Each structure stands twice: as structure tokens, then as C-alpha cells.
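Listed in order, the protein sequences are those of chains F and Y.
The first sequence begins at 1 in full-length UniProt numbering and counts up by one.
The second sequence begins at 1 in full-length UniProt numbering and counts up by one.
Because the hints were derived from the structure by calculation, they are not lab data.
Fair warning: this is a prediction, and the values are worked out from it, not measured in the lab.
We put the CB at the ideal spot given by N, CA and C, even for glycine.
Keep in mind that a hint or two might mislead.
Computed beta-carbon distance windows for the label pairs [stated by the list, open to error]: (1) Arg116(F) x Ile142(Y): 24 to 32 Å; (2) Tyr179(Y) x Ser105(F): 14 to 22 Å; (3) Pro303(Y) x Ser134(F): 31 to 39 Å.
Covered stretches of chain F (chain Y as the covering partner; in silico rule of three or more C-beta atoms under 8 Å from a C-beta of chain Y) [said to hold, decoys possible]: (4) 89-96; (5) 103-116.
Each chain is listed here by its residues.
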Amino acid sequence: MELKHVNYGYPGSGQLITDFTASVPTGQILSIIGQNGAGKSTLLKLLMGSLSPSSGVVELDGKPISTLSSRKRAAKIALVSQQHQIYDEMTVKEVVKTGRLPFHSLLATITDAEVRPFLETVNLVQAMDRPLTSLSGGQQQRVWLATALAQEPAYLFLDEPTTYLDIRYQHDLMALIRKLNVTQHLTVIMVLHDINQALKISDQLWLIKQGQLVKAGTPAELLDEQLLSQAFELPIKIVEIEKYGPYVIQLTA
Amino acid sequence: MAKERSAYVIICLALIVTAILALMLGTQFYSLPQLWQALLGNRPAVLSTVLTFRLPRVLAAMIAGGMLASAGAISQAVFRNRLADPTILGVTSAGELFMLLGGMVLPAFIFQKQLLALLGGLVAFALLANRKTLRQPYQLIIVGVALNLTFMALTQLFTKGINVSSSLGFNGITWSSVYSLLITGFVGLVAVLLMAPWANDLKLSDEQLASVGVPVTDMRLGLLVLVVYLSADVTAAVGTIPFIGIIVPNIARYFVGHDYQTILPFSMLSGAWLLLVVDTIGRLVVLPSELSAATIMAVLGGPFLIILVQRGGFHGIKAR
Numbered sequence: 001m002e003l004k005h006v007n008y009g010y011p012g013s014g015q016l017i018t019d020f021t022a023s024v025p026t027g028q029i030l031s032i033i034g035q036n037g038a039g040k041s042t043l044l045k046l047l048m049g050s051l052s053p054s055s056g057v058v059e060l061d062g063k064p065i066s067t068l069s070s071r072k073r074a075a076k077i078a079l080v081s082q083q084h085q086i087y088d089e090m091t092v093k094e095v096v097k098t099g100r101l102p103f104h105s106l107l108a109t110i111t112d113a114e115v116r117p118f119l120e121t122v123n124l125v126q127a128m129d130r131p132l133t134s135l136s137g138g139q140q141q142r143v144w145l146a147t148a149l150a151q152e153p154a155y156l157f158l159d160e161p162t163t164y165l166d167i168r169y170q171h172d173l174m175a176l177i178r179k180l181n182v183t184q185h186l187t188v189i190m191v192l193h194d195i196n197q198a199l200k201i202s203d204q205l206w207l208i209k210q211g212q213l214v215k216a217g218t219p220a221e222l223l224d225e226q227l228l229s230q231a232f233e234l235p236i237k238i239v240e241i242e243k244y245g246p247y248v249i250q251l252t253a
Numbered sequence: 001m002a003k004e005r006s007a008y009v010i011i012c013l014a015l016i017v018t019a020i021l022a023l024m025l026g027t028q029f030y031s032l033p034q035l036w037q038a039l040l041g042n043r044p045a046v047l048s049t050v051l052t053f054r055l056p057r058v059l060a061a062m063i064a065g066g067m068l069a070s071a072g073a074i075s076q077a078v079f080r081n082r083l084a085d086p087t088i089l090g091v092t093s094a095g096e097l098f099m100l101l102g103g104m105v106l107p108a109f110i111f112q113k114q115l116l117a118l119l120g121g122l123v124a125f126a127l128l129a130n131r132k133t134l135r136q137p138y139q140l141i142i143v144g145v146a147l148n149l150t151f152m153a154l155t156q157l158f159t160k161g162i163n164v165s166s167s168l169g170f171n172g173i174t175w176s177s178v179y180s181l182l183i184t185g186f187v188g189l190v191a192v193l194l195m196a197p198w199a200n201d202l203k204l205s206d207e208q209l210a211s212v213g214v215p216v217t218d219m220r221l222g223l224l225v226l227v228v229y230l231s232a233d234v235t236a237a238v239g240t241i242p243f244i245g246i247i248v249p250n251i252a253r254y255f256v257g258h259d260y261q262t263i264l265p266f267s268m269l270s271g272a273w274l275l276l277v278v279d280t281i282g283r284l285v286v287l288p289s290e291l292s293a294a295t296i297m298a299v300l301g302g303p304f305l306i307i308l309v310q311r312g313g314f315h316g317i318k319a320r
């Protein structure tokens, strides 16, 4: 998956992404970091093909992503958002079944057996008949992850997946994502708020500012006080914590 | 599961018993043995009354009830609003207005009433459904109610105050209307059962549906056309009968849960039963005259709607 000279602007709100060229490392975990409003989520949408660039091209397997039908795209790319909304009661299994829609006719009825393996992966088989809303935030996020996995994607996108989770659930979710990346060779692309979380879990990072790529590289390459201070417009210090490693802190009181 | 199954058994039995009672009751009471004798050909007068007056009416009430209830349930799925229903959103009154105007200015053509009611319904939905009303449940209902009143007033304006809908209704319904209703109704109800999974899919946000590759706009449009088709057909045959589409699906949810693949068939059966009960009662309470099903439904439906809103059963957009 590649971005070639991609530009994008919402009508009336100016340029959001400017001349963005980068390629997504296959089979790795990539995190996009940057200030609020830097264009992280817009970039994610461009990569997923849910937004079309005003110029430039996003390619998937060498072809422009815009040439794929939405169903074909859904069988390659899945998304877990920071917050999902449902408008009526749904059980866990009913939610996960919607992940199988790209593989069936729209009128088909999907069986429980078909979604069981995905619920097993996120360890929620025993909750499959429960209403989604009766689950904790962390469990709900795992249901949405199972839904994304049910699409059997090659690329898994996560848009700030840990925002509403406490630190325990954040840790569990990140561990699960690493496991999926290793066992299922998933390419993972995440937008993360928490720099330290991003540095810890990612193989590659894109640091962006005002819609432009500041630096793409490994966590070690991005651990640069000056670089991060400039990108976040804050004094930033990197400290070494025993048994953890380098940790980014911001120095404002 | 057990609760669901008993709910289905009970509603089927109730439907059969009520249908038999509806054939027995009327200005003249026929006992079961009398009906049986008539069926064997021994009582031609009884058979004639039953076949000419009561049977067409029973069949029409049942199919119309099923159609209105499923139209209501589907509107609720599409608008993500438990109060959405074609009769209070102006869809059926637009149909009546178009039928009236079309009848005045156009030459007669085949399926004239049905097609005009369909067109009117589509116009009403086009006026009703936009980004704002889809996001704000109260706004949808208020705009719908305003549309409904406007179309009703226009209809009265063109008829110089004579209420046309009272001239329709189940009283004196002919076999030809019943046949047409049965055929179009059967087609519509089969479509409802086939498209039930879409109603479930619409519980997800549009963004989520798009990310699993579902053409959500087409889906919503398809379901809306089905709603207009069902309610327009009933309107063309018997006029507007309000509230069935709100009362029945909301009660169905209580008995069979929230899955549209069970809500919809159950709503069909219960809608059929409710409208049959209401029409039969209407035939009997003020003999030799009668009360229209629409009037009784309005009397029952108003309070039900108030209870539904006050008890918090009004789920417009419900976040997780």
C-alpha cells in the first residue's frame, strides 16, 4: 500500500494533506502520530479509500484503491474506530456477523458457526449471545475488533482504538494486536494519541505535522527530542526508565 | 427462544379463532354448525352472506393489518426511530391526496389508485427524509406530523370539506379489491421477509456499514420504497388506518426481541390479528351502523403513543 504525492482538502477548509508520499510496510505495525488536527484521521481515510485524494494516488497491490468496489475493499481492509455507535439492541454475535457481509449476498443469513472463530480469537465466545451494551468498554472494543477480523482483511486499520479504555484494557488490546500481527501476518495501521504507546508497539511510525510527513522511521529513529518538540510544538524530553526503556515526557507544567 | 415460540403459537391461534369469530358475528349471528352446513352447501343464504360480505372483509383486514405493521417496523429500522410510521409521517395522507387529484384530472388507467398512492407516498418521503431529520428523531416526527396535516388539509380543500377517507374503509369492500390487495400484499410481504436482514444491518452507523462494504444508501432507499409500496397499497384499497405500524412492532419487540428477522413475521401476524379484531368490533358496536377501523385505531393509538413516549420507549438515536 502506497501514497504517491497525495493532496487532500475538505471543501472550504483548506489543504489538510499536502504532497504526501510514503509506503506502508507490509506485515508490520505502523502508527501515525502527530498533533490534533495534523491530519491523522484524514490520512487514515485516504489510505482506506473512504476519501479520494484531490490529486495524487493511493495504491493497493499496485492498483489505485479507487478502482476497487466497496465490497472488494472491505474484504481487504477493515477498520476499528475509537467509538462505535449502534442504534438498537444487538447481540455480540449479530455485530460480528456484519463483518462477514463482504462475502455474502446482501440478503443472506449468516450462521453462528461462521463467526465463532473470530470470537475465539478475541476470547469472547461465551459472551456471543449477550447484548453488546451489557459488555464493558474494553470487551466492546474486542467485539469490534472481532468484526474487523471477520472481514479477513490483509490490512487492519485502528483509529485511536484505546481512547476510551483504561490502561489495563489498553495494554490487553495492544498485546492482542501484536499477536494478530504475528500469527495472522496482518498489516496494522493505527492512529494513536499516546506517543509512548505508539513507540512501544510499532515497527514503523509516521510523524506528521500540518498534513505533511515530517519523518517516517522506526521507533529508535523517532526518539529525537528536537524532532518531537518541533512536531508537537512543546518542549519534550526523553527519559530512560528502568525495565521499560525510553519514555517521552512533555516538560510544560 | 421458548418465549418467542409461545408468542408465535399464541398469535397464530388467536388469528385463527378471531377469523372464525369474525365470520360468525354480524347483524346476523351464525353458529359454527350453521357455518359448517353452509360450507356443505345446505344453507345457500348463509353461504352467500359469508362469501359476499364477511369473508372478503376478513381477508382484507388481515392482509392490510400485516402490511401496515411491517411497513411500520421497516420505517422504524430505516429512520432508527421507534415512532416512525407511514401513517403519522404523512406518507399515506399524501397518497390519498394524489389519489384524489389524479382521479380529478387524469383519465382512468390500470392500477390508478395504487400508482397514485405510491407516487404520493414517495413525494412525502422525499420531503421528509434528509440529513437533519435522519439525525434528529424528534424533528422527523414533527416534520412528519406537519406534512400529514398539510396533506390532509389539502385533501379537504379539494373535496370542499367532505372527508374522503371515510368513504373508503372495509365496509362494502369488493372481491376485486380484495384480490388486488391479496396479490400486491403477498408480493410485498415476501419482499419484507427477504429484506429483513437489511433492517438489522441498519442498526449500525453508516460509517461502519460503509467499512464493511455495504451500499447503505441503496439499502435504505430499497426499504423506503417497500414501505411506501405497502402503505400505498393499503391506502388505495381502504384509506388510511393509523397507528397499526407503531403499536404492533413495539409490542412485537417486547415479545420476540430485537431481531428484525423475527420482529417482521411476528408483526405481520399480530398486525393481521389487531386489524381484524378492530374491524370486527367496529362492525358490531353500533349496529346497524358501524365504526370504521381507522376511527377505532385512532382512539387506541393516541394513548399508546403517549405512553410509549412518556415511558422512554422513544428511542431515536441511541448511542452505545
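Cross-check of the supplied hints:
1. Arg116(F) x Ile142(Y): 24 to 32 Å: Since the Cβ atoms of Arg116(F) and Ile142(Y) sit about 45 Å apart, the hinted range of 24 to 32 Å is violated.
2. Tyr179(Y) x Ser105(F): 14 to 22 Å: 33 Å, violated
3. Pro303(Y) x Ser134(F): 31 to 39 Å: This hint holds: roughly 32 Å between Cβ atoms.
4. 89-96: holds (count 4)
5. 103-116: Result for this restraint: holds, n = 4.
Figure legend: structure checked against the earlier numbered hints; hints not met, in rising order: 1, 2.
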